[in-house]
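As you go down the protein sequences, you meet chains G and R in turn.
All residue numbers for the first sequence refer to numbering that gives the first Met the number 0, where the first residue is 0 and numbers rise by one.
All residue numbers for the second sequence refer to numbering that gives the first Met the number 0, where the first residue is 0 and numbers rise by one.
Hints in this document: simulated from the structure, not taken from any laboratory.
Model, not experiment: these values are computed from the prediction.
Each residue gets a CB set at the ideal place from its N, CA and C atoms; glycine is no exception.
Among the hints, a few may not be true.
Unchecked claim - Listed below are the simulated DSS-like cross-link pairs for lysine-lysine, each with C-alpha atoms no more than 25 Å apart in a straight line:
| # | chain 1 | residue 1 | chain 2 | residue 2 |
| --- | --- | --- | --- | --- |
| 1 | G | K41 | R | K431 |
| 2 | R | K495 | R | K362 |
| 3 | R | K362 | G | K300 |
| 4 | G | K151 | G | K161 |
| 5 | R | K420 | R | K431 |
| 6 | G | K151 | G | K253 |
To be verified - Cβ-Cβ distance ranges computed for the label pairs, FRET-style:
| # | chain 1 | residue 1 | chain 2 | residue 2 | range |
| --- | --- | --- | --- | --- | --- |
| 7 | G | Q155 | R | P471 | 33 to 41 Å |
| 8 | R | M182 | G | A279 | 31 to 39 Å |
| 9 | R | E438 | G | D294 | 24 to 32 Å |
| 10 | R | E560 | G | D294 | 39 to 47 Å |
| 11 | G | Q155 | R | G575 | 42 to 50 Å |
| 12 | G | K139 | R | D472 | 26 to 34 Å |
| 13 | G | D269 | R | A479 | 48 to 56 Å |
| 14 | G | D13 | R | S415 | 23 to 31 Å |
| 15 | G | A279 | R | E220 | 35 to 43 Å |
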Amino acid sequence: MSAFSAIDQDREIDPEEYTPGIEPQATWCPGCGDFSVLKALKQAMPEVGRTPEEVLTVTGIGCSSKLNSYFESYGFHSIHGRSLPIARAAKLANPALEVVAAGGDGDGYGIGGNHFIHTARENHDMTYIVFNNEIFGLTKGQTSPTSPKGHKSKTQPHGSAKDPIRPLSLGLTAGASYVARTAATNPNQAAEILAEAIEHDGFAHVDFLTQCPTWNKDAKSYVPYTDVQQSDDYDFDYTDREEAAQMMYEVESKLYEGEVLTGRFYVDEDRPSYTEEKQATGEMPEEPLAEKYFDDDAEWKRSYDLLEHHT
Amino acid sequence: MTAHELIWRIAGGSGDGIDSTSQNFAKALMRAGLNVFTHRHYPSRIRGGHTYVEVRAKDEEVTSRGDGYNFLLSLGDSFARNPSEDAYYGNEELKPLAENLDELREGGIIVYDTGLFDEDEVAELNLEERAEENDWHVYPVNLRELAREHGRDVMRNTAGVGVTAALLDMDVSFFEELIRQNMSGDIQEDNLNVLEDAYERAEEFEHTHDLTVPTGENEQELGLMNGSNAIAYGALDAGCRFIAGYPMTPWTEVFTIMSQHMSEFGGIAEQVEDEIAAAALALGASHTGVKAMSGSSGGGFALMSEPLGLAEMTETPIVLVEAMRAGPSTGMPTKPEQGDLEHVLYTSQGDSNRVVFAPAGIKEAYEQTRLAFEIAYDYQIPAIVVYDQKIEGELRSVPIDFFDREPDPDVGEVLSEEEIKEAAHHESGTFKRFDSEVEGGVSPRTVPGQEGGRHLTSGNETNAYGHIEEDPDNRVAQMARRMGKLDSIREELDEKDASNQATRGPDDANYGIITWGSQQGTVFEAVDRLNENGQAVKALGVSDLMPYPETEVTEFLESVEEAVVVEMNASGQFKGLTQKELGRFGDKLSSLLKYNGNPFEPAEIVEGFEAIVENEPEVPGDSTTFVPAAGD
Ligand SMILES: Cc1ncc(C[n+]2csc(CCOP(=O)(O)OP(=O)(O)O)c2C)c(N)n1
Ligand code: SF4
């Protein structure tokens, strides 16, 4: 029998189960877009049928990374930019877990940029939610990798001379097999996309547009937005890599011109996840490794068996 | 030095097969009943450059390289004139002969390959004259031609071994057996023929020397391995089934061995994008209930400083390995140094709270790696095994039975689901992961996927539930609990008799030498010699760095008038640690330091010690430094 009985339970889940039993300190400002991500996640999770105890949320540092203080599950609030490598290992060690990594645009596209590229490349079966508010929130409003060119802040008083990162294109190029964007102002689409992303067997990258009323008042609060799947103006096949890339390019150019397009931009259902790839090469056990430590009958090979070539 | 010993040095170019030949040579001697020890010298480049390996063999235990050596097999650097005359690799053909002569002992033997050396250049070395002065016995042999006759130039090394065996009256059957085991087909055939041919030809040489191979008999079955093997095997037997890393010399060796065996052991190995990720992965796996490790060398370990601190704060057990090389920065990648001590003790922000072990040899490397896992998981604290390039690469013969141990899959205080149910805080979502009231400081954990154990953990200060909390009382209680673990660990190590300090020399000696990590074997050999020379001196080799073995070092220092701290760095880091931990003894402690890229030789310690004791301001030799006692 599994030592992890919370996993794969088949029961009706009340969304309230994802609300912490103890009152966390409130650290998000009124009107912060982060509330919408939390709400969407609480809505999505029962839909995919995952109990709080089989979910591990790993976050970095930033306002957004406080997500797991308000979301009841197993949670690891880590360090700036490092949520993904921690999440990856958790998934490798116990593939039966539902792993959700989350953080801000500074966290994910800046300091953790290298990890983002490599996690996407490996196509780990997990969901990565980036709260994109185009600003560093927690450190009080510095320019972030997604701030528009010309954006002025205390640390870039002359206006940023840098072009912003294009997260969707970057996710696609790096190898994510699911790339979508949604917005805090569109709660229904957000919940739907998160549920889809969680169910996707591979690295699902969700660029979640959020607002930071405290430090980024200039930024459009992403209204109105258009859902590319709902609009006849945007006809493209999101399972086609080239069309998806083309679409992302357009969308990411328009974001800073005032038109906000959201939806699924790339979905590849066929690409095997990293776990599957690794198991196929024989590099990884079929049973979750973590189980082995709780199994009294597990067989443990020992180094003594290797010593022959030393003698 | 009394016992009869052979120290055979094989020199050539990187790429001439020096490593594999020396390994076989060492193994043959070991199988013949001797204890062996190798010392490896190589430049920080892949091709070209002069390299050598020494194989020291004795009837009794060998724990160090010797002083100099007594047999040189010089192959000639086949890459030196490659690819063009004004070579990129430098015109260094003669180096393997020229550069080794200074350390050859009186009465030593030289065999060199005339096939690759230019006679005029050899003449410039004044070999004959120097041979006469030092009573060297020189045997020029055309090894290249010999090898060529059997079809393969590269077999010059096998030919050299054949000549060595004949000159030393060794039994070649051990070599033949190794060739049969390691090679196949034509290559095996050709090598066997070269070996035999070379042996027969050299048997006809007139022996002007009297050096022979010592004879011995091993009571136990021995194995030949290096520190990297021992660390890797220790980790596997400790139940480690997850490793993540990024290559960096010399850590790469452990990483490679582990990666090669991980899947057959049912575990997972990951080479990742950088060292921050590597340590973070180890953390993630451990958090999920798996025994995990990572590691690196100086610069890579610097990148791990952040995840290391996170492990301390979140109380996630992990084992990190730090394989030191000469720094700062990328320093000298292939040269040993003990310069990262302070780096492993204190790197990362806040008050450091970790366990650090520094094995002194193969057995301790295995033992302490196992211990590192045990302590890390029992106490939910990161443990670091720090060692250097010397232990990493040197091969030693060790009893194989030493490794005959059961694996240990115990992950420490992780509650089962039944135990969670019985716990006072069983109600889901209110699990007290970090209970500051808990006895002994270790608050039992649960792992993701368990029913009823869900909790949050954070790199920020948290309350009992893992939620961020900056209340002053909570902060003090949590800090006190975490910091208190080191005391409990020290107690446990003492109680279990699991501490790894070793002593040598007479109890009542009035002088002491203290050393740590890899220099212990060399210091012990020096101490034996000093006592034979009439000095009364004893040594303490410290292998537990944190928690610091306060009682043992204090007792040792109280029992002597003066002590010299021997270490391979420029600033006396271990001496500094000792004074910091014990808060006194400054006026008793002087330092003997070496940081030129080579480990100590026993004679340097003997001479250095005598100079210090006799208050001579100048330490003999040009590679060691003496720093007098400072006073408290
Ligand atoms: C290594 C490191 N550098 C810097 C910081 C300070 N820091 C904390 S949060 C943050 C930026 C967060 O911005 P973002 O990821 O966009 O998240 P937000 O707060 O906007 O949600 C920075 C720079 C840190 N904690 N660690
Ligand atoms: S600073 Fe901005 S991102 Fe942070 S909580 Fe406030 S509104 Fe949200």
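Checking each numbered hint in turn, tell me which of them this model violates, lowest number first. Structure breaks hint 10 only.
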